[in-house]
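Given chain A, work out where chain B with the ligands should sit, using these hints.
Chains as they are written, first to last, in the working numbering: chain A, 80 to 829; chain B, -13 to 160.
Since the hints were made in silico from the structure, they are not lab data.
Here a beta-carbon is modelled for each residue, glycine too, at the ideal position from N, C-alpha and C.
One or more of the hints may lead you astray.
What follows is a set of in silico ranges between Cβ atoms, one per label pair, in the way DEER data are often shown [to be verified]:
1. P83(B) / T569(A): 17 to 27 angstroms
2. S27(B) / D134(A): 28 to 38 angstroms
3. T77(B) / F536(A): 22 to 32 angstroms
4. Q149(B) / Q477(A): 49 to 59 angstroms
5. P26(B) / K618(A): 49 to 59 angstroms
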Amino acid sequence: MLNEKNVFGSPLPRIDGPLKVTGTAPYAAEYHDPGMLFGHAFYATVASGRIASIDTSKAEAYPGVVKVYTHKNRPALASSDDAWKDEVALPGHPFRPLENDRILYDGQPIALVIAETFEAARDAADLIRVDYAADAPHTDIEVEQAKSYVPPEPRKEDFLPTDPRGDAEAAYDAAPFKIDAEYVQEGEHHNPMELFGTSVIRSEDGTLTVYDKTQGSQNSHDLVCGVFGLKPEQVRVVNAYVGGAFGSGLRPKHQLIFAVMASLDLKRSVRVEMSRREMFYLTWRPATVQRMQVAADADGRLMSVRHHAVQATSLYEDYQENVVNWSGLTYKCDNVRLSYELAKTTMSTPGDMRAPGAATGFLALESAIDELAYEVGMDPLELRGKNFVTYDQNDDLQLTSKALDLCYREGAERFGWDKRSHEPGSMRDGQDLVGWGVATGVWEATLSPAEAKVRLFPDGKITVSAAASDIGTGTYTILAQIAAQNLGQTIDRVSVLIGDSSLPKTAVEGGSWTAASSGSAVQAGCLEIKKTLLSLAQKMDNSPLKGAAVEDLAIRDNRLVLDRNDQLGLAIADILGSNEMSSVEGHGKVEPDQEQAKKYISYTHSAVFVEVRIDAELGVPRVTRVVSAIAAGKIINPKTARSQILGGVVMGLGMALHEEGMIDHRTGRIMNHNLAEYHVPAHADIHDIDVIFVEEEDDKASPIGVKGLGEIGIVGVGAAVANAIFHATGTRHRHFPITIDKIMEGLPGQ
Amino acid sequence: MDIATAHAQPKTRVALTINGHRHDLEIHPWVTLLDLLRGPSLQLSGTKKGCDHGQCGACTVLIDGERINSCLKLAVTLDGTNVTTIEGLGTPDDMHPVQKAFVEHDAYQCGYCTPGQVCSAVALLREGHGRSREEIREMMSGNLCRCGAYTNIADAIQDVMDQEVKVGMREAAE
Ligand code: FES
Ligand code: FES
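Chain A extracted, bound-state conformation (with noise of 0.2 angstroms):
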């Protein structure tokens, strides 16, 4: 007989598994159509300025090219800022594609060629030239901070720094130990693998089915419709398979608006994608700035955090993340002052690139509760036991839950924290120097509203719908999971539908709210299921299931049944068979709940254990060995759980390392636009990192008592290499990324 226990929380394989081993799955730029054109953008070469003159001549002669497009020939489009608003849009002015002759970054689209096949639109867009009138670039946070400003609208009310508390000057100046560093971070890029495209397919009624890269179908529905003025109906936009993103495709991208617009013009197919170097002019994580000022006393207790960070955005946007405010609430401190500030840059507006904030914030936090340690002569791990705190200081909130104490213990177990020796330099093996390093990490556990339809079938079949999208999460399996738990079935009988707006509506896919989010509505779901089986089971003659409950409920073997007595019960075909119903559907919904949300506030929380090995003589890193511990709540399934954290510590050490959009500042031009000069983690690059998940009982976070994945395992990740290779060298590096020139730089004996 089936056990249902055996669905929820098994590392079951993805059920899209063997579409993705195969290449059968098909990803946004792989969806053909007869006839179809193939668009190409060309890119802006300054950073600042308008266009003085724009010749396409040449582009337009070249055989197999339709059309170039341009700011003077585009089509005419929406013009109000709320037209261009998608639902994750920021203060400012949202950037409309060849609105103008106005240049306002560095790789900025400013023209479109369409042509009957890829090569042709590509080639051609060779031969445009354009004549500039260029001004200067500002791309330096180090030089533009000096003016910086505090956001006049806030992007969010909690990304708002918190109120003082205590007096952090005071304190400061009265504790015996102290550390005020500066730390700076240069920019990142996402880079998803699948470059960012859009397949236009029309159909003969004129309407669209839009193939999209986008971590939220009905975003990009919402604002093509807004913005070409079409009704809802007229558009679909599928993204049933997205080739990781990361953040970058929350907002929809400007190929976005090329295939629908060449579409609709020219009334034909369009295929829009764009090339690796346009991906770096996208959405970034912002280069940014920061001041810590933390100060303890001679037990290792925190008297005095002081944050102060500058990020950049554009001239057109302000981004805002929320970075300072993990800084008053990981530890107890009765001390507090945090501050955030924007500086505007000559660059396209940053965006969410996993844990936005969070993986900022502590790096320096991080980095600094470790200088701090060592200020005080006090095992890091040691200092932060000491400073543990059971609830939200910055809000004066409950936590859900908080299992870090155990990521601690655990993790350190695991990682054999207990043989290290303090002192920086004193762990050499051979010709490598060895560092031990660890750090905190917290996330927000939220949950946004969302809708899913189930549907069961009596002989078990069930079928799962909602717009939810899977970037490579693992959202389709753990659906299945949740179904088919609460149905009584096995996971192969479930099929998940997501990835398209005219779905049942939910939220962009992003902040690691899905699985809660998406998961708790599936439940729902099932639980309308249960709820209209049982009204029609009561109503039958002789039911055996007269005056039960739904809780008392459980579906086992194709049968409604007491869960304390299966023997009572009914087959679910004859509930539906004698009301002539062929499957009964339940409509879930959740909504986040206000009224607890006076009270609690909820946390993923990690402790991450590093191991540098550095050359001695050549500077080389190594990160040999990562503990990664986390807790998160329950987990659903822990084969893909443990892929969403691998993925978090992999792009953490590409951010302590590797990872910088290297700009010209005198062009301020982006110099590394691809694959071999901006370095993301290879193979080669990553050594055994360990997963670990603690218990973590929690039954407010989400009705699923799930509380999401996609960004902890990044979070302190940078800070823990940094903390490492202060340990294995003595040198203590706060300009990130670590690169190998500043490590051989800080080697002893240099």
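Frame of chain A, contents of chain B with the ligands only:
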């Protein structure tokens, strides 16, 4: 000859065997194998484009058994060759052992780098390389995975390798 005149030149005839099927094609000389595969005529989009510059490995296919970045090969130079793409290795109902191992070890997340990783791994095993964890890491480094599935990919490859060794030992013993 300028580029526009070149475009008007006749196409070149080539014969390629792709996944066991012979294709007689007329193509422009500047069309890469990657764009040919993914294009409207063949629609074999299991082979992915991640950079078009030979820097990511997403486009890896096997030419006469050898792994190459198909974005770096002009299709007209491949007359008479045998090309195996991901579609030629297995299907969802009949997966290649490497594909099965990838599913088992969750050696992917978004799945976009995956066809390239699988093709590369298949060739690695055929080359007789990847005998140690370190060698796998080194010799798979041309295939980037932004989702960070590296440790699981290495586990999957090692798993297949171990199975092959076992089978080999059994056969030798018989
Ligand atoms: S697409 Fe060929 S190596 Fe990246
Ligand atoms: S699985 Fe997403 S890039 Fe490798």
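Hint check results:
1. Against the hinted window of 17 to 27 angstroms, the Cβ-Cβ separation of P83(B) and T569(A) comes to about 25 angstroms, which satisfies the hint.
2. For S27(B) and D134(A), the Cβ-Cβ distance of about 33 angstroms falls inside the hinted range of 28 to 38 angstroms, so the restraint holds.
3. For T77(B) and F536(A), the Cβ-Cβ distance of about 27 angstroms falls inside the hinted range of 22 to 32 angstroms, so the restraint holds.
4. A hinted range of 49 to 59 angstroms for the beta carbons of Q149(B) and Q477(A) is consistent with their spacing of about 51 angstroms.
5. One distance hint, 49 to 59 angstroms for the beta-carbon pair P26(B) and K618(A), holds here, with the actual separation near 57 angstroms.
Checked against the numbered hints listed earlier, the structure breaks none of them; every hint is satisfied.
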